[in-house]
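J.: So the chains spell out like this:
Protein chains: 4
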Amino acid sequence: MVTAREPMASLDLPAVDDLVFGGHDIRDQSIEETVEQANEAGGVPNSKTLDAVREDLREIDERVTMGTARKCGQVVEELSDDKATNEGTLAEIVSQIRSDYETFAAEQDVDKLVVVNVASTEPPIKGDEKFDTLDELETAIEEDDSDLPASSLYAYAALVDEHPYVNFTPSTGSALGGLRELAAEKNVPHMGRDGKTGETLVKSALAPMFAGRNLQVLSWEGHNILGNTDGLVLEDDANKEGKIESKGNLLEQILGYDHHNAVRIDYTPSLGDWKTAWDHIHFQGFLETKMKMQFTWEGSDSALAAPLVLDLIRLIAYADEHGEGGEQPQLASFFKSPQGVDEHDLSVQFQKLYDYSERHLNDAPSGTVE
Amino acid sequence: MVTAREPMASLDLPAVDDLVFGGHDIRDQSIEETVEQANEAGGVPNSKTLDAVREDLREIDERVTMGTARKCGQVVEELSDDKATNEGTLAEIVSQIRSDYETFAAEQDVDKLVVVNVASTEPPIKGDEKFDTLDELETAIEEDDSDLPASSLYAYAALVDEHPYVNFTPSTGSALGGLRELAAEKNVPHMGRDGKTGETLVKSALAPMFAGRNLQVLSWEGHNILGNTDGLVLEDDANKEGKIESKGNLLEQILGYDHHNAVRIDYTPSLGDWKTAWDHIHFQGFLETKMKMQFTWEGSDSALAAPLVLDLIRLIAYADEHGEGGEQPQLASFFKSPQGVDEHDLSVQFQKLYDYSERHLNDAPSGTVE
Amino acid sequence: MVTAREPMASLDLPAVDDLVFGGHDIRDQSIEETVEQANEAGGVPNSKTLDAVREDLREIDERVTMGTARKCGQVVEELSDDKATNEGTLAEIVSQIRSDYETFAAEQDVDKLVVVNVASTEPPIKGDEKFDTLDELETAIEEDDSDLPASSLYAYAALVDEHPYVNFTPSTGSALGGLRELAAEKNVPHMGRDGKTGETLVKSALAPMFAGRNLQVLSWEGHNILGNTDGLVLEDDANKEGKIESKGNLLEQILGYDHHNAVRIDYTPSLGDWKTAWDHIHFQGFLETKMKMQFTWEGSDSALAAPLVLDLIRLIAYADEHGEGGEQPQLASFFKSPQGVDEHDLSVQFQKLYDYSERHLNDAPSGTVE
Amino acid sequence: MVTAREPMASLDLPAVDDLVFGGHDIRDQSIEETVEQANEAGGVPNSKTLDAVREDLREIDERVTMGTARKCGQVVEELSDDKATNEGTLAEIVSQIRSDYETFAAEQDVDKLVVVNVASTEPPIKGDEKFDTLDELETAIEEDDSDLPASSLYAYAALVDEHPYVNFTPSTGSALGGLRELAAEKNVPHMGRDGKTGETLVKSALAPMFAGRNLQVLSWEGHNILGNTDGLVLEDDANKEGKIESKGNLLEQILGYDHHNAVRIDYTPSLGDWKTAWDHIHFQGFLETKMKMQFTWEGSDSALAAPLVLDLIRLIAYADEHGEGGEQPQLASFFKSPQGVDEHDLSVQFQKLYDYSERHLNDAPSGTVE
Ligand SMILES: NC(=O)c1ccc[n+]([C@@H]2O[C@H](COP(=O)([O-])OP(=O)(O)OC[C@H]3O[C@@H](n4cnc5c(N)ncnc54)[C@H](O)[C@@H]3O)[C@@H](O)[C@H]2O)c1
Ligand SMILES: NC(=O)c1ccc[n+]([C@@H]2O[C@H](COP(=O)([O-])OP(=O)(O)OC[C@H]3O[C@@H](n4cnc5c(N)ncnc54)[C@H](O)[C@@H]3O)[C@@H](O)[C@H]2O)c1
Ligand SMILES: NC(=O)c1ccc[n+]([C@@H]2O[C@H](COP(=O)([O-])OP(=O)(O)OC[C@H]3O[C@@H](n4cnc5c(N)ncnc54)[C@H](O)[C@@H]3O)[C@@H](O)[C@H]2O)c1
Ligand SMILES: NC(=O)c1ccc[n+]([C@@H]2O[C@H](COP(=O)([O-])OP(=O)(O)OC[C@H]3O[C@@H](n4cnc5c(N)ncnc54)[C@H](O)[C@@H]3O)[C@@H](O)[C@H]2O)c1
Ligand code: NA
Ligand code: NA
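Protein chains in written order, with UniProt numbering: chain D, 1 to 370; chain W, 1 to 370; chain F, 1 to 370; chain G, 1 to 370.
Calculated from the structure, these hints are not laboratory results.
Any given hint could turn out to be false.
One copy or two, it doesn't matter: identical chains are merged, so the pair holds either way.
[Stated by the list, open to error] With a straight-line Cα cutoff of 20 Å, these simulated DMTMM-like cross-link-like pairs (lysine to aspartate or glutamate) come out:
#1 Lys48 x Glu288
#2 Lys352 x Asp25
#3 Lys48 x Glu241
#4 Lys292 x Glu40
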């Protein structure tokens, strides 16, 4: 976890052990079964860990209720047998989600509810400018506008009741103008999009090197293979579209010029939860000499994502505690497409978090009383 | 070139076209022949470029005189047929080099002489603390101490006559206490060691990513193969020693903990001037999950080094012009082992150069007249 | 060249220096210009070679006449400005090609004319069973059937006049039943399809290792990037289809079971004539342990293909000389989808060629007289 | 297992379930503990498998007795606390080993005893010609010649009592002239050396491709990193020497010419039982165009070796059953340096095993009686 490092470790963040998990899903498969499959297919988590948390997983499962799959694309709908996932008007769905949140918070007696979107990637929506103001958005909900995706409904339900919200996926979530307005008005912190766990993380560390050395990138080809349900959903061209975008765009921002830049994602079931990315970077130096760098990144998708989700929960709860609403630029390093932040150089993004933490540490009363 | 980028490009640096090249060598082989071999073996530079600069290369050759190979190790001595390269007392050698510098400067009528060490890597010296003061160093020269290596003689000859000095190699050069004292006393800028052109450059961009994300590096294995004379000299275990050190040390500084960290260098003649590095990084994340990243870097050694040498000449001449003597931390990003700088994070090093440049740009009179 | 190795080198093959080149194209660009671009973009051939053959290239250009682009797909049609490439009835086109062949043979006074298809890849045709007999095929030509592709027209024109024919591309060429019948009837040798120069060559060498060791391949992912006109044409999904097929199919034949097997091809202009393939092989051994092999293959497409084309010309002319008509299984090792041969193990395919050569060497009169 | 494939599967081989394991070791560490460490460090075998065989492992441990470490080099001696491993005269040691073999066979009531050397790699011995005849060898044992290594003592003890013998390591084993004479005289089958499980396996599949296509290999660099005790022992330059030899030599045999060919082995503890090999092959094609292939092979050392050991036990027992003494060329594909076989092309080696199997299947009485 990033929050286990200094200076973040010295912040007064909620303890991991104090977190209580619950949520929505649209599949029936129990978490225990999902984790068992991951253990079988890729050894992560290992059998010892699985046995140690089996009881906890069952308890969490009881706190998971049926969600909505509105506008999530066909492949997501097929994950679920349950017709219910696509039924109801938007107003009914939103009201159900809000009530699910309250029930969970009440039953678990939590101090603060944080909502994190870790659902399957939705296809990007077209024409999001029609949800540019809170007014338009709320009208759309009332009028059951068929273009509003599930991720934005979960986000609306969170923000309207002042729960901090994090979007770990490339889906729309809180990125709509209307939701940013809502968050600002209610002064609730929110941030997204798309956790930066692997290939894109490396890109954001390497591309500044090419830029700083004035080595001109001619082409940057990335090919990803992965075997989990995320991979299955991303097989679908519609759902893949948003992912591709958030994986590729940062290069142009860092390098400052156009170049051939392609990202491929292929579903390779045998890999289970493991993902391999191969990147081929063709660049040009002195006297137009063409050279190349290649890398492979082989990671367990979930082992990379899980600690970041914990970090984000802790850090956004902290921001909320300190009355910091709206987008949270100090969290930029966690995202492929950080909302409200144009900077993609990883080191500069890290620095934002360190500066934020140090500012808070310096501001904090030193705990002494006279 | 880095100096072709903003904000450096706006500094009033000497123009590349105004530079005049000359120097010392201990081999007889003409530069033209060396470049022809590089063209044949690896296509860099290509035939067109070679033909375009052939005449210039011949002129430079006439400005190259015989140097010294003192303490450069057996493999370097074997590069030269000429016994002279190892003869004379230190005092005689130093006086010869100083006079060579002056002759060159006078004949070419240069405004400023900058000395850059791009000679073959020497074996590291033992017991450098006996050259810790200028006094000790000058006594050692007078007494013909057999431990002083060629690189430090060239550096002494430069600094004592107030010529800025850059050490692009892992050799000792100006890193001795006595030479640092001399540079400070005379207020001459100098900087080193070991140009950061390839594998180590990538390390300094990637390691901060692992550190920032709290992904624990378990082992970082690097294997380099290259085919030029640099490779031939580094085949020798004694000469290789210094190189290995400066390629490996930065990881520990960036990561802040010990781990298995090995660097191999193998001479593979068929590669000519091309170098391939393969790095294998084994790291551990959440729940002790072991993952890995691998990269290959395939570059033309000379095409990577040449622009940096030009950058360094321009920037150190500029520093000299502005009365900035001693070590030059703003140049840290160019070196594997930047003298006087502990920071190895590439982005932070880049920032030092940008800050330096902007400071100078802001200080500069804006060119307006009343 | 394979034919420079024993035992093939001892066969009485036509000398490379005796070959005269000519042909059809549908682009206007001169060969000299194409080769100049390849030299600029990727250094193959190098400037010296280019200068040495410049005159020959101009002469060949004069022997190249306008061909037909029937059924070659839109992207091929766009390569040519000339409307003529798509005009005329099939009967007119065939008669033109036959007359072009005769004119070339007469003007150059060649002993034997060999036709090799090295044109851009066509989209695969649907319903090729309607050309299953020579009768059906000739009727289709008379009736101007819009489904017959250019490659089969060039092949028909060759075979009907008893010129040996080689198809170095994945296009249909002589693979139609009707053309096989024609070749058999006229006893003309012909062979195809799709030169095996890179990734697929490696597959046919490696897959038998997995099979022989009973290591179960779970998935074999291949990703190809290339920058030449071949790459541009293969960007088009229709044209790519045939290529993908012939790159993937052999694995199933060698391994003998189904597995996840994907091939990607991406056009990356900066690579010029260079192609990089990255393959990721996930396999399972003892106790279901999952392991992996990855390889990259970085070759100059043309430098890999050219010698094989020369080999094939020499070997098929030889077969023709010896009265061997129909498909030529001894040439299987040269092709991704060898016509009439099910064996894909490279070593076994090589053995076919060695056996063929040795049979001929043993049969040949030993040159002694009594 | 290779013997699970046809045609070997149809041979009347001993069933795996009927095998009983025992042996010598010089370390105290129990097998259970070794396997537990492998499970922890690299997940092979996984926890389920470990639990399933735990009891068997304990039983095998009881059948393991103290062996000898004569001439195994310092690093092997350090594996053992027990002085006994280096004590006794050769005659005493041999007699002890023979009696250990008999005790095991008697107690377990086995039909046939097969001895397989899977001990740590010894340093290669110098001057093995002094053991060229059985006479010389037996004299050396009597005279306690300090140059005879442990592996040859275990081999002698096996062969003299007519137990088939397999050497899975690069150590000397039965490769001495005197032991080959003994095996021939007694008509006992034996074979070695050095199981071909990874990098070298790939080399023997790929090198024939370069040879057959007349692509000239300029250099073949191999770099291996591994983390188990095998790696620890191979850290020692003396012990590594034999391994390097058997990993490199085959290329020259297959290619038929000299080239730059280097193999590196580094101990990287974090990898546990996993081994990664990186190979870089630089080759030259048409018009001297230089191209390259690179591969990585990432395998679990033990999961790759174990099935081959089972295969070899089954196949050498079968050979013994059929009265086939001396070296066993049909087993060449299993070894990096197959004794008595010059052929290194993997496919040709596989073919030897298939031919052998089919010959036996055809010879076998069809099992019918009238
Ligand atoms: N390394 C990573 O794992 C990583 C990194 C960046 C982003 N992400 C994103 O995080 C998300 C989750 O990834 P994952 O690997 O855990 O995927 P997953 O497929 O294992 O889990 C997604 C879960 O979301 C559920 N779901 C789908 N649509 C839903 C909806 N509308 N409402 C409620 N639940 C819904 C699915 O049933 C499934 O249980 C994906 O969007 C992915 O792109 C993951
Ligand atoms: N990418 C790079 O090229 C790169 C990067 C970092 C550091 N370096 C260092 O720069 C140096 C030069 O590298 P290169 O590739 O040009 O090597 P090179 O072998 O091509 O050139 C070195 C030259 O130095 C000469 N020489 C050796 N000892 C000398 C001495 N005592 N006095 C004068 N001349 C001497 C040699 O004769 C040769 O002409 C090496 O030390 C290398 O380690 C190079
Ligand atoms: N390594 C290799 O180069 C390789 C390997 C296997 C197969 N092939 C196949 O060989 C063919 C040629 O490859 P390339 O790299 O030389 O491609 P290329 O694009 O450089 O050349 C193809 C030429 O064919 C011409 N052409 C296209 N359609 C034609 C038609 N109907 N009639 C006459 N000319 C036509 C084009 O104008 C172009 O000049 C392709 O089909 C390719 O898939 C090439
Ligand atoms: N993939 C593979 O595992 C592989 C492939 C080819 C060859 N080999 C060879 O097989 C051998 C075993 O490999 P490993 O990975 O199992 O090694 P390991 O280090 O795990 O096991 C070797 C065992 O041999 C014991 N030993 C050492 N010297 C001995 C002696 N003189 N007498 C009796 N026991 C002795 C050690 O104590 C240890 O228990 C090595 O020589 C290795 O080079 C292994
Ligand atoms: Na960075
Ligand atoms: Na083979």
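J.: Does each hint fit the structure? Answer for all of them.
T.: Hint-by-hint comparison with the structure:
1. For the identical chains of this complex, Lys48 and Glu288 are inter-copy neighbours only, at 12 Å across copies versus 54 Å inside a copy, given an alpha-carbon limit of 20 Å.
2. In this assembly of identical chains, Lys352 and Asp25 lie within 20 Å of each other by CA distance neither inside one copy nor across copies; the values are 34 Å within and 49 Å between.
3. In the homo-oligomer, the alpha carbons of Lys48 and Glu241 never lie at most 20 Å apart, since the shortest distance is 38 Å inside one protomer and 40 Å across protomers.
4. Only between protomers do Lys292 and Glu40 lie at most 20 Å apart by alpha-carbon distance; the minimum there is 17 Å, versus 37 Å within a single protomer.
In summary, the structure is inconsistent with hints 2 and 3 from the numbered list given earlier, while agreeing with the others.
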